[in-house]
Amino acid sequence: MRGKLTRRRFLATTAASTALIAMPYVRGSHAAGRLSIGFWDHWVPSANNTSKALVEEWVAKEKVEVLVDYIPTQGQKLLLTIAAEAQAKSGHDILALSTWLPSDHANQLEPVDDIVEPLIKQNGALNATVEYLGKSQGRWIAVPATIGSQIKGPCSRIDLMKQHAGIDVQAMYPAGAPPKAENWTLEAFLKAAEACQKAGFPFGIGLGTTPDSVDTAGAIFHSFGAMLVDAKGNVTVKSDPVRQALEYYTKLAKFFPPDAPAWDDASNNKWLISGRGALIMNPPSAWAVAKRDAPQVAEQCWTHGMASGPKGRFAPCVPYFWGIWSFGKNKDAAKSLLVHLSQPAAIEKLVAASGGYDLPPFANLTTLKTWAEEGPPKGTLYHYPNPYNHQVLSIAGAPAPPKIAVQIYIQGVMTKMTVRHLQGEPMEKTLAWAENEVEGFLRT
Amino acid sequence: MADAVIGQVTDRATARPRRFGLRSAMRRKSMTAFLMTSPLILLIALLVVYPALYSVNLATLNRSMEHFVGFGNFLFLFNRETFWMVVRQSCIFALTAVLFKAIFGFVVAHFVHNIPAKGQRKWRGMLLVPWVIPPAMSCLAWLWLFDPSYSAFNWVFEKFGIGPIPWTGDAMWARFSVILVNVWIGAPFFMIMYLAALKSVPEQLYEAAAVDGANFLQRTWYVTLPMMRNIIAITALFSLIVTFANFDIVRILTAGGPIDLTHVFATWAFRVGIEVGDIPLGASVSLFMVPILTVAAIFILRDINRRGNEA
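In the order they appear, the protein sequences are chains G and R. For the first sequence, counting from 1, position 251 maps to 251 in this note's numbering; every step adds exactly one. Each number in this note's numbering comes from the position in the second sequence (counting from 1) with 1000 added on.
Extracted from the complex, chain G is given alone in its bound form (with noise of 0.2 Å):
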């Protein structure tokens, strides 16, 4: 009687093992608690596997029982995710958070000052946009994480660009050495553009409101010193470096395909592999793809950095953190965890396993040997990461106070004052669309 598989058993017995399939990771040695961590899944498969040898790294150390999602960005899922902790007050003790949630959940969010300081001493300053997404009221509500932050500066087909443009882009960012940039400017984008338009291969950048769109936006209106709203908080829509910036962008988005309003972030990687454009602002997932799918592309790509405007040369950057829910059981630990996840052997296997795609946000730890080495062509992701510190990492929407920025950035006003003025809506009716728009961010 005791070896039959009654129903009642096999039900159990079936539950039981789909819950264990279920959970990606369970650690136990129970010693020191739980923790549960929910990661962003990275779109690079080996990567959720460094992490997660890096955390049983620390398990061994600490004897936490630990339990790990992956959780995909797809379908806003990271997103839904992340509100639904925040509304029922429980969850992971870490969560992955995209670049703007550590301010949208700044008071649920345990202050990390004590671990983001040392780390900070140990591996180098942070740039102004980390501190600026990572900070409330002086403190820092998130740790700056390596798995996910990227930059998104140009990715150029070195042969299209020679040969339509006149452009060498690989003697311009040589690999291993400074770059050699002064002529690198917005007018120059701007022919290069028009050059590779009319050869038949337009810069692939989108106009849509998705995150690839607005990143760009943001960088050519940071170009002329163009902000929606400044720091305090005063709307500055109608203001000439605004108008410049508008005027500009709309006479280079002429030279974008024409279906460029309603581009989404896979628009641009698939113009670049399908070969039909000369240059896209992406980091090297869009390159990373090719290697696979379209060698030939591939190996005719290299990253770079932007040109430079009037105010300056602004390259996107897109950061994401880790935070520990205010409410979140054991914080002791999570800290602990972050701090292992932040030293300069992690972040280097976490960059390699992501195929150089990871950015860590430290100043001292930008030249590691994965974006020397990655190919081909070899170097390519060499100035990915902005090694010479020669351009401002900044992000559309800023500097706006985080919650209006928020929505400038997420709604893509910048994207869409674009295509209204491409359309043929004259500069000030623009202007005061944008106006509107932006005064309704303010509601607190």
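It should be emphasised that the hints constitute simulated quantities derived from the structure, not laboratory data. What you are looking at is a predicted structure, and each value in this text was computed from that prediction instead of being measured. No false leads were slipped in.
Calculated pairs, BS3-like style, for lysine-lysine (alpha carbon to alpha carbon, straight line, at most 27 Å):
#: 1; chain 1: G; residue 1: 61; chain 2: G; residue 2: 329
#: 2; chain 1: G; residue 1: 311; chain 2: G; residue 2: 254
#: 3; chain 1: G; residue 1: 270; chain 2: R; residue 2: 1159
#: 4; chain 1: G; residue 1: 329; chain 2: G; residue 2: 135
#: 5; chain 1: G; residue 1: 270; chain 2: G; residue 2: 191
#: 6; chain 1: R; residue 1: 1159; chain 2: G; residue 2: 198
Position chain R against the provided structure of chain G, taking the given hints into account.
Chain R in isolation, oriented as in the chain G frame:
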């Protein structure tokens, strides 16, 4: 027999009202029915009533959800140009889509009705396919057909020297695209409802009309339509509610673009509430559908009741 038992218990209960109250209540048919349906009622309360009340509560809070602002969020929305654009677009989207679904459903139902019974089941099954495929999946297929740079439609049209058509890049075409997909998905529901209604129209009425010399249009106008009026009204109401609250088609095909010109209530509420992080304002946008749909429901149901009484 059961009634007699209840009667006896009631008599005793009248004599000693408190002692057997619970037992008598338990023996009532209505109580039994209530108890049997209570799990479902509880489920609905948990999954529908609680979230609805919670969203009303959220809509009365400020952005940081710390203070009660009453109707403040609604008043804020009333002053926003984009919000009124979303209201207008939602109405255009829902009314146009429901109208075309009704027309296509009506026409196709007639075709299917006139197919000999032997082959009809096959056609009915095939025509229901768009409705039974999960919309998220079929929308992805449509997205590839409408893709901005690699549209399969444009590839075909190019062979005939037409296009390229900016399916999702131009406001007019983008609206057309989302309405087309909604009609494609929803028309089979109208078709099957209308087909059921057509089958219930007594054949004698058509015979009498034929004797009176009525042509096809007259038969449709004076016999078919009056007999189908209630089904048409109910189907239209049901579809109007579902179409007004549609999220997946717009979200997948255009995400509300270009320049917000295809946003509907649900996609705008998601943008504002979840993506921007202003949950109270997002809740207010989604709640704005309630009065519009309530008014529509009252008018349509009142009409149905009136006709029911006339009958």
